[in-house]
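For the protein sequence lines, the chains are A and B, in the order given. Each residue of the first sequence is one higher than the one before, counting from 1 in this note's numbering. Each residue of the second sequence is one higher than the one before, counting from 480 in this note's numbering.
No lab work stands behind these hints, which were simulated from the structure alone. Accuracy of the hints is not assured; some may be wrong.
Claimed, not checked - Okay, derived cross-link-like pairs now, PhoX-like style, lysine-lysine, Cα gap no bigger than 20 Å in a straight line:
(1) 605/B with 491/B
(2) 213/A with 321/A
(3) 332/A with 382/A
(4) 491/B with 573/B
(5) 56/A with 869/B
(6) 605/B with 658/B
(7) 281/A with 305/A
(8) 12/A with 573/B
(9) 866/B with 23/A
(10) 23/A with 814/B
(11) 115/A with 140/A
(12) 281/A with 314/A
(13) 56/A with 502/B
(14) 23/A with 812/B
(15) 502/B with 5/A
(16) 692/B with 12/A
(17) 125/A with 115/A
(18) 812/B with 774/B
(19) 537/B with 636/B
(20) 125/A with 5/A
(21) 869/B with 12/A
(22) 812/B with 56/A
Unchecked claim - Computed footprint of chain B on chain A; a stretch qualifies when at least three of its residues, placed anywhere within it, have a C-beta under 8 Å from a C-beta of chain B:
(23) 58-66
(24) 289-299
What the hints assert, rightly or not - Not the full set, but computed from the structure, chain A residues with beta-carbon under 8 Å of chain B:
(25) 20
(26) 23
(27) 46
(28) 80
(29) 83
(30) 84
(31) 400
Note that beta-carbon positions come from the ideal geometry of N, C-alpha and C, so glycine has one too.
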Amino acid sequence: MVKMKELANRLKELEDQLVICIKCGMCQSVCPLFDRTRREADVARGKLALLDGLGKNLFTNPDGVNERLNRCLLCGSCAANCPSGVNVVEIFIKARAILAEFKGLSPAKKLIFQKMLSNPETFDKLTEWAGKFQNIFTKKDKNAQGTSCARVVSPLFGDRHFLPMSDKPFHSSKPYTKNSSNISEESTSKTTSIPSFTTSSIINTNAGKSGLKVAFFTGCIIDKIFPHIGQDVIDVFEFHGVGLYIPTGQGCCGIPALASGDMKSFEKLVEYHIKLFNEEKFDYLVTACATCTSTIKKLWSSIYKGNASRTREKIKELSHKTLDINQFLVNKVRLLSNDASFEDNAIVKNNAVFKDNGKSKSIETVTYHDPCHLKKSLGVFKEPRILIKASGNKLVEMEGCDKCCGMGGSFNLYHYDISSEIGQIKSKNIADTNCSTVATGCPACMVQISDMLAKNNLDIKVCHPIELYAKTLRNKQLS
Amino acid sequence: MTTQGVIGELKKIVGADNVLTQKEDMVTYSYDAAVLDPVVPSAAVMPENSEQLGQIVKLCSDNKLPITVRGAGTNLSGGTIPSSRASIVLLTGKLNKILEINEADMYAVVQPGVVTATLAAAVEKKGLFYPPDPGSQAVSTIGGNVAENAGGLRGLKYGVTKDYVMGVSFFDSMGEHVKSGSRTVKCATGYNLTGLMVGSEGTLGVLDEIILKLIPLPKARKSMVAVYKTIEQASETVAAIISSRIVPATLELLDNFTIRAVEAYSHAGLPIDAGALLLIEVDGHPAQVAEDGLKVEELCKTFGAVDVKVATNDSERDKIWAARRSALSALAKLKPTLVLEDATVPRSKIPAMVKALQEIAVKYKIEIGTFGHAGDGNLHPTILTDKRNKEEWHRVELAIEEIFDRALALGGTLSGEHGTGLAKAPFLAKETGLSSIIFSRRLRKALDPHGILNPGKITG
Numbered sequence: 001m002v003k004m005k006e007l008a009n010r011l012k013e014l015e016d017q018l019v020i021c022i023k024c025g026m027c028q029s030v031c032p033l034f035d036r037t038r039r040e041a042d043v044a045r046g047k048l049a050l051l052d053g054l055g056k057n058l059f060t061n062p063d064g065v066n067e068r069l070n071r072c073l074l075c076g077s078c079a080a081n082c083p084s085g086v087n088v089v090e091i092f093i094k095a096r097a098i099l100a101e102f103k104g105l106s107p108a109k110k111l112i113f114q115k116m117l118s119n120p121e122t123f124d125k126l127t128e129w130a131g132k133f134q135n136i137f138t139k140k141d142k143n144a145q146g147t148s149c150a151r152v153v154s155p156l157f158g159d160r161h162f163l164p165m166s167d168k169p170f171h172s173s174k175p176y177t178k179n180s181s182n183i184s185e186e187s188t189s190k191t192t193s194i195p196s197f198t199t200s201s202i203i204n205t206n207a208g209k210s211g212l213k214v215a216f217f218t219g220c221i222i223d224k225i226f227p228h229i230g231q232d233v234i235d236v237f238e239f240h241g242v243g244l245y246i247p248t249g250q251g252c253c254g255i256p257a258l259a260s261g262d263m264k265s266f267e268k269l270v271e272y273h274i275k276l277f278n279e280e281k282f283d284y285l286v287t288a289c290a291t292c293t294s295t296i297k298k299l300w301s302s303i304y305k306g307n308a309s310r311t312r313e314k315i316k317e318l319s320h321k322t323l324d325i326n327q328f329l330v331n332k333v334r335l336l337s338n339d340a341s342f343e344d345n346a347i348v349k350n351n352a353v354f355k356d357n358g359k360s361k362s363i364e365t366v367t368y369h370d371p372c373h374l375k376k377s378l379g380v381f382k383e384p385r386i387l388i389k390a391s392g393n394k395l396v397e398m399e400g401c402d403k404c405c406g407m408g409g410s411f412n413l414y415h416y417d418i419s420s421e422i423g424q425i426k427s428k429n430i431a432d433t434n435c436s437t438v439a440t441g442c443p444a445c446m447v448q449i450s451d452m453l454a455k456n457n458l459d460i461k462v463c464h465p466i467e468l469y470a471k472t473l474r475n476k477q478l479s
Numbered sequence: 480m481t482t483q484g485v486i487g488e489l490k491k492i493v494g495a496d497n498v499l500t501q502k503e504d505m506v507t508y509s510y511d512a513a514v515l516d517p518v519v520p521s522a523a524v525m526p527e528n529s530e531q532l533g534q535i536v537k538l539c540s541d542n543k544l545p546i547t548v549r550g551a552g553t554n555l556s557g558g559t560i561p562s563s564r565a566s567i568v569l570l571t572g573k574l575n576k577i578l579e580i581n582e583a584d585m586y587a588v589v590q591p592g593v594v595t596a597t598l599a600a601a602v603e604k605k606g607l608f609y610p611p612d613p614g615s616q617a618v619s620t621i622g623g624n625v626a627e628n629a630g631g632l633r634g635l636k637y638g639v640t641k642d643y644v645m646g647v648s649f650f651d652s653m654g655e656h657v658k659s660g661s662r663t664v665k666c667a668t669g670y671n672l673t674g675l676m677v678g679s680e681g682t683l684g685v686l687d688e689i690i691l692k693l694i695p696l697p698k699a700r701k702s703m704v705a706v707y708k709t710i711e712q713a714s715e716t717v718a719a720i721i722s723s724r725i726v727p728a729t730l731e732l733l734d735n736f737t738i739r740a741v742e743a744y745s746h747a748g749l750p751i752d753a754g755a756l757l758l759i760e761v762d763g764h765p766a767q768v769a770e771d772g773l774k775v776e777e778l779c780k781t782f783g784a785v786d787v788k789v790a791t792n793d794s795e796r797d798k799i800w801a802a803r804r805s806a807l808s809a810l811a812k813l814k815p816t817l818v819l820e821d822a823t824v825p826r827s828k829i830p831a832m833v834k835a836l837q838e839i840a841v842k843y844k845i846e847i848g849t850f851g852h853a854g855d856g857n858l859h860p861t862i863l864t865d866k867r868n869k870e871e872w873h874r875v876e877l878a879i880e881e882i883f884d885r886a887l888a889l890g891g892t893l894s895g896e897h898g899t900g901l902a903k904a905p906f907l908a909k910e911t912g913l914s915s916i917i918f919s920r921r922l923r924k925a926l927d928p929h930g931i932l933n934p935g936k937i938t939g
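Isolated chain A (complex conformation):
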């Protein structure tokens, strides 16, 4: 009981944030989890009441509250919709850290976060090794999503259709630049990974006609599962004359550690990357991952409490410079198509066709899924649509385009059943548009959506808007 009082005292630091909740219950209208279960403990209002209760010594042990607190996608839908402006995600992350410190991390999490994830080099080696052996346990599905499934019934994979790790991650590949090769569609299509070279993969080019130089934060999923997106980013920036800096040795943005309350690993990763990106001057830090962008832009500064020299100041500077790739391209460079101007009512009846050389066969019907970490966390939802239209594709809106796909990072690992239930709604809404491709600005959403579409045997490709734009640029250059 003495220990519980200590815990209650630690939770006092959240009191000023908790008291803002007026218990109006509006979070129920947007919570993807509550939508499935209708349980108050699954929605923000309930969880905030539980944290308040823990702070007031209502419970004899923290396990029940901890368990319920972890049943959350951290999608931030509630926070974006909250009339009182309760910063739900920040509160939950801080509370998870307090509880993890109180209870201690599980040995498995300690191993994963503190020994692997927070040491980018070790993590890269381990995942490369795993990538080489994955075919022993899994087989490729023959579908548009390019997923794999378990060869035998396995508790590890369940009935998941997951995207296999690339046999050549982005960080160890030598991406093409203008001088090394012509850019061809073949070399960057989904099934072919980027040919490797033995030299260092650092790219560090000067600003071209755009006058801008960008540092690119790759992110784990692009690096290990979608390395071709990394190549697309390089192509697009080169086309637009944007200087690019991609340092080697990049690791994880820290969100998995944060979600599990492991502040130690999170702070280590933040300090590591602050140093890494301090090596070079650039105008913007750009990522093609909604979750990485939102973590770097918002959580690094609001959660990091470490004392490393000037780190907090540098985090703030970096946060100001951090942009999602769609946002960067649409707002900072001149896009290819003139038809890309965005009007609210143009979304629905959009017929914008890329008029450049009449390659009508490349026009696809694309629907766009709003990643929570782009729309709700950062307010970015117009720009990816503009990019899709600028690629000459027809954009059709799905019902509930900004509803969470159910991924939620580790939520998918621990609560796969509910995660899939939520994902299946997304899959149905995508299929109902009769699109040939679904685009989304978050590689984690891509993984979840691929799994859901594969489960339903739907012939719909999953991609990032930058892939569509890069493909259009390539077609233009070939013609």
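Given the structure of chain A, go ahead and fit chain B onto it with the hints provided.
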């Protein structure tokens, strides 16, 4: 049977997954949106169909175990806070089916857990209209709306929930299934139990099915915003519009305090120097909308509006109403505790009530933002405070009581749309007199001899 025994039986009825008993879950059913102390129940149960619902009520009846029914828990008067005795909370979350939308006869039959906005959207797809639109409609349930007789922005022209309930079926305190009303426009059989159930706050029965009246969707609408130097001019305009025999669909008022809060929050370009804004919408046949719109515009100017902007398209219309919709949010961001009152006066008394609220704010040295449904006399004086500040909270309590007194003195009521619940029960006698409360208690005793249906609410 002990409470534990009842819980075992509940699990047999609905399955173990639908019965919650852990302390952590109970804490999440101990409150609603009212600023009142929480009360932790013994168990929460989530039936999936009508049959299970009946069995649960019967079981609780046999064991004299109190039931509090809970929809979305958005109640502003404490109606969904459990009984302080050992009790169960009955959750309607899975009784959320729209059973029928009848276009030919213009009615809908729904289960109590259907979300208000979901029903409104479903009938609108068929060119029909369910007008009651309480502020919480995105989450509130029809069962809760019926139990509280919820209102909304359209009360002035379209009335409130009670005007749309054609019939109900419910389980009484013995677990017997009772039906009242019908699918017909007219129905003159038996007591008007439907009318009795509306606004009964879960104290007379547990709703099972509700038949709701639908009307045709209005063909045209016109919105405008009028800017005033003083709130007195705005409230006089409200009285003038009504006395000119024009009934707008909505007629909302925002005072200067609220205008500044909304502007600070949304940067929508509101005139922060204005004493008040009136937001008005007329709807109906296009010709009448045009005529009424012009008349209202003239009236606004006659009574001192310095500016009247009429929306010429949907996006301008949306802009006008976005300001109103964000009023509560904007105010909520200013202080940790927000007390939303709904004392209501006859609409001609709006100017007097506005004056009373200003005096009360000064007298008790508290911040009150006033906005709301001026057109139907239902203002929402919103008190901003921090409940942790005990001295200020005491002044807030005194101010609330004086708001009640002033509204009653003007011939008004304690609550236009939030219900009596726990919050207003101690003050009810001021409005109705003691004999009305004794009558209500006798009625309740006869229908619920063991007092298991939401004890403590309305009649104390």
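Now for the hints, and whether the structure bears them out:
| no. | hint | result |
| --- | --- | --- |
| 1 | 605/B with 491/B | violated, 40 Å |
| 2 | 213/A with 321/A | holds, 11 Å |
| 3 | 332/A with 382/A | holds, 14 Å |
| 4 | 491/B with 573/B | holds, 17 Å |
| 5 | 56/A with 869/B | holds, 18 Å |
| 6 | 605/B with 658/B | violated, 28 Å |
| 7 | 281/A with 305/A | violated, 25 Å |
| 8 | 12/A with 573/B | violated, 36 Å |
| 9 | 866/B with 23/A | holds, 14 Å |
| 10 | 23/A with 814/B | holds, 14 Å |
| 11 | 115/A with 140/A | violated, 31 Å |
| 12 | 281/A with 314/A | holds, 13 Å |
| 13 | 56/A with 502/B | holds, 14 Å |
| 14 | 23/A with 812/B | holds, 13 Å |
| 15 | 502/B with 5/A | holds, 18 Å |
| 16 | 692/B with 12/A | violated, 50 Å |
| 17 | 125/A with 115/A | holds, 12 Å |
| 18 | 812/B with 774/B | violated, 37 Å |
| 19 | 537/B with 636/B | violated, 41 Å |
| 20 | 125/A with 5/A | violated, 43 Å |
| 21 | 869/B with 12/A | holds, 19 Å |
| 22 | 812/B with 56/A | violated, 24 Å |
| 23 | 58-66 | holds (count 4) |
| 24 | 289-299 | violated (count 0) |
| 25 | 20 | holds, 6 Å |
| 26 | 23 | holds, 5 Å |
| 27 | 46 | holds, 4 Å |
| 28 | 80 | violated, 12 Å |
| 29 | 83 | holds, 4 Å |
| 30 | 84 | holds, 4 Å |
| 31 | 400 | violated, 13 Å |
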